[in-house]
Amino acid sequence: MSLVTVTFLMLVFLEYFKLSFCGRNHNVTCIQSERQALLRFKQHLKDPSNRLSSWTKNGDCCRWDGIICSNVSGLVTELHLGSSRGTRKLGGKLNPALLDLNHLTYLDLSDNDFRQTEIPTWFWNMSSNLSYFNISRNQFQGNIPDLLTMTQPSVLIDLSCNNFTGSLPLLSSNVTAIDFSFNSLSGSMSHFLCHELNESMKLEILNLGHNLLSGKIPECWKKWSRLVGIKLCDNNFSGKIPGSMGALTLLQSLHVRNNFVVGEIPSSLRHCGELVTVDFGSNQLSGDIPGWMGERLPKLIILSLHSNKFTGTLPKELCALSYLQILDLSHNNLVSEIPSCINNLNAMNSGNNSDDKIFYRTSKGSFFEDILVVMKGRIVNYDTTLKLVKTMDLSDNNLSGEIPEEVTSLAGLQSLNFSHNHLVGRIPYNIGAMTSLECFDLSTNNLSGEIPLTISDLSFLSHLNLSYNKFTGKIPTGTQLQSLNADSFHGTKLFGPPLSESSTDVRFGTGSDVLKNREDQHQVDWFFLTVELGFLSGFFGTVFLLMLCKLGRLVHFQYVDETGHSLGRIIRKYIVK
Numbered sequence: 029m030s031l032v033t034v035t036f037l038m039l040v041f042l043e044y045f046k047l048s049f050c051g052r053n054h055n056v057t058c059i060q061s062e063r064q065a066l067l068r069f070k071q072h073l074k075d076p077s078n079r080l081s082s083w084t085k086n087g088d089c090c091r092w093d094g095i096i097c098s099n100v101s102g103l104v105t106e107l108h109l110g111s112s113r114g115t116r117k118l119g120g121k122l123n124p125a126l127l128d129l130n131h132l133t134y135l136d137l138s139d140n141d142f143r144q145t146e147i148p149t150w151f152w153n154m155s156s157n158l159s160y161f162n163i164s165r166n167q168f169q170g171n172i173p174d175l176l177t178m179t180q181p182s183v184l185i186d187l188s189c190n191n192f193t194g195s196l197p198l199l200s201s202n203v204t205a206i207d208f209s210f211n212s213l214s215g216s217m218s219h220f221l222c223h224e225l226n227e228s229m230k231l232e233i234l235n236l237g238h239n240l241l242s243g244k245i246p247e248c249w250k251k252w253s254r255l256v257g258i259k260l261c262d263n264n265f266s267g268k269i270p271g272s273m274g275a276l277t278l279l280q281s282l283h284v285r286n287n288f289v290v291g292e293i294p295s296s297l298r299h300c301g302e303l304v305t306v307d308f309g310s311n312q313l314s315g316d317i318p319g320w321m322g323e324r325l326p327k328l329i330i331l332s333l334h335s336n337k338f339t340g341t342l343p344k345e346l347c348a349l350s351y352l353q354i355l356d357l358s359h360n361n362l363v364s365e366i367p368s369c370i371n372n373l374n375a376m377n378s379g380n381n382s383d384d385k386i387f388y389r390t391s392k393g394s395f396f397e398d399i400l401v402v403m404k405g406r407i408v409n410y411d412t413t414l415k416l417v418k419t420m421d422l423s424d425n426n427l428s429g430e431i432p433e434e435v436t437s438l439a440g441l442q443s444l445n446f447s448h449n450h451l452v453g454r455i456p457y458n459i460g461a462m463t464s465l466e467c468f469d470l471s472t473n474n475l476s477g478e479i480p481l482t483i484s485d486l487s488f489l490s491h492l493n494l495s496y497n498k499f500t501g502k503i504p505t506g507t508q509l510q511s512l513n514a515d516s517f518h519g520t521k522l523f524g525p526p527l528s529e530s531s532t533d534v535r536f537g538t539g540s541d542v543l544k545n546r547e548d549q550h551q552v553d554w555f556f557l558t559v560e561l562g563f564l565s566g567f568f569g570t571v572f573l574l575m576l577c578k579l580g581r582l583v584h585f586q587y588v589d590e591t592g593h594s595l596g597r598i599i600r601k602y603i604v605k
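Going from the sequence shown to our numbering is simple: count from 1 and add 28.
Do not rely on the hints blindly, as some may be mistaken.
Below, in silico cross-link-like pairs of lysine to any residue (SDA-like), each with a Cα-Cα straight-line distance of 25 Å or less [to be verified]: (1) Lys244 to Asn191; (2) Lys251 to Glu224; (3) Lys244 to Ser218; (4) Lys244 to Pro294; (5) Lys251 to Arg298; (6) Lys74 to Leu107; (7) Lys344 to Ser296.
Just so you know, the hints here were simulated from the structure itself, not pulled from any lab data.
When you get a sec, could you build the whole thing from the sequences and use the hints?
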């Protein structure tokens with residue numbers, strides 16, 4: 029999530045170490061037959077930036093750029109030809125001379141330009157000897173054959189950001205990480221997940237996000253007990269979340285966002301106590317948000333259930349999630365007051381973190397988490413800085429009562445959105461204590477009274493929306509407030525800059541007016557957003573996707589999440605809701 033490229037820290041370190049030291053061993057020289065094979069392979073490549081200039085007829089191939097040989101035998105074991113920023117991409121054709129590199133275990137051709145190239149059968153056969161196989165971000169096309177003959181004990185495969193079509197392949201039990209995201213794979217998961225060959229699987233990372241997969245998510249997860257991360261987002265899956273996922277007791281990251289999944293969250297997931305991220309946003313899930321999520325999933329940092337059909341109350345048990353940093357329950361039908369225990373969300377109390385990344389360790393290294401967050405009215409993808417992000421979005425529900433004073437103790441929050449609810453009373457006086465706030469949205473509620481003077485202490489505030497409430501009095505003086513758009517205060521009886529004199533007596537809706545007009549206002553807002561996104565996705569869609577595909581190395585679990593197609597589907601769901 030490509031975007032989703034899992035960045036393997038350990039592999040990066042080892043790659044650097046080997047290229048710096050092992051690749052320049054003066055005690056061994058390359059085998060002549062392998063040098064000739066590499067030169068034949070080079071002849072069929074397009075190299076516009078002359079990256080392979082060190083590959084000369086009489087040179088020692090163990091000293092060539094991108095080549096690593098065994099320190100003992102001089103045999104070529106690794107081929108590092110992935111492009112980096114600032115270098116022009118390799119292209120051309122894949123030559124079967126690579127078959128003569130019989131001891132090759134590491135192949136990186138990522139981020140090149142083999143457009144309209146269908147991978148030949150011999151190339152797939154050669155991959156059976158590899159422990160690292162990365163051809164992501166190329167534009168390869170065709171079907172992916174079954175990968176049942178991988179002979180290495182632990183294999184990482186990254187085929188993301190290409191144009192592969194057809195169904196999912198069967199996997200060897202030795203494969204530990206796969207990233208098939210951002211392709212056009214279609215059909216069901218059943219053959220892939222439930223095939224009788226798939227016993228005692230070693231797979232730890234499964235990324236199938238951003239494809240055209242459909243049908244029900246199968247009930248065959250017990251045999252995949254080593255899984256640490258699953259990404260099924262942005263497909264066309266239907267049916268319910270399988271109860272057998274509860275057998276994945278090592279699971280830390282679960283993304284099923286933006287599908288057509290229905291039903292309730294299965295109670296069996298309470299057994300997945302290692303979960304750090306749960307993202308079920310933009311589906312058709314219903315029922316109550318289970319209280320056990322706060323009791324049995326104590327390590328949760330990200331909980332995203334937005335844009336579903338959840339009903340019932342906002343469970344107080346969620347207050348026990350002391351590590352929670354991103355909570356998004358927006359666009360549901362929750363009916364309750366905001367619990368006063370909200371101040372127990374300790375991770376939101378402080379802006380200090382020992383690290384800026386959320387990552388998970390596997391046998392192949394570590395990978396970064398990523399997620400899409402609505403921040404300042406925009407959908408933003410966070411990955412390597414995700415641990416610094418702290419947001420709470422309860423907007424577009426049926427929440428009532430007053431805003432609890434305890435919320436002001438969440439001094440680390442950067443974004444707080446309670447808009448489009450039925451909240452009454454005043455803004456808590458001590459709102460100025462939330463010193464990290466950059467985005468604050470209380471629009472379309474029944475809030476009243478004057479704006480607390482302490483709001484001027486929010487020095488980072490750059491997005492404020494208090495519109496369509498019953499606020500009265502003068503807008504407090506503060507550099508941030510006076511620099512905001514006047515639309516932030518429309519539909520109230522507030523006056524003073526940035527409002528003009530002509531707008532000081534603007535009519536504001538009563539509580540019943542706000543509730544009556546709320547759905548229409550919501551649809552109008554999304555209409556204009558759809559028009560804007562339609563233009564942007566049409567013009568920038570392809571470029572945006574390619575940029576996202578460059579953000580990581582293997583399965584970087586990425587909540588970019590969304591390109592124009594994905595955003596369009598989310599918007600349609602909001603409008604239909």
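Structure-based check of all given hints:
1. Lys244 to Asn191: With a Cα-Cα distance of about 24 Å, the restraint between Lys244 and Asn191 holds, given a limit of 25 Å.
2. Lys251 to Glu224: holds, 10 Å
3. Lys244 to Ser218: Holds, at roughly 8 Å.
4. Lys244 to Pro294: Between Lys244 and Pro294 the Cα gap is close to 15 Å, so the pair holds against 25 Å.
5. Lys251 to Arg298: holds, 19 Å
6. Lys74 to Leu107: Holds, at roughly 17 Å.
7. Lys344 to Ser296: holds, 20 Å
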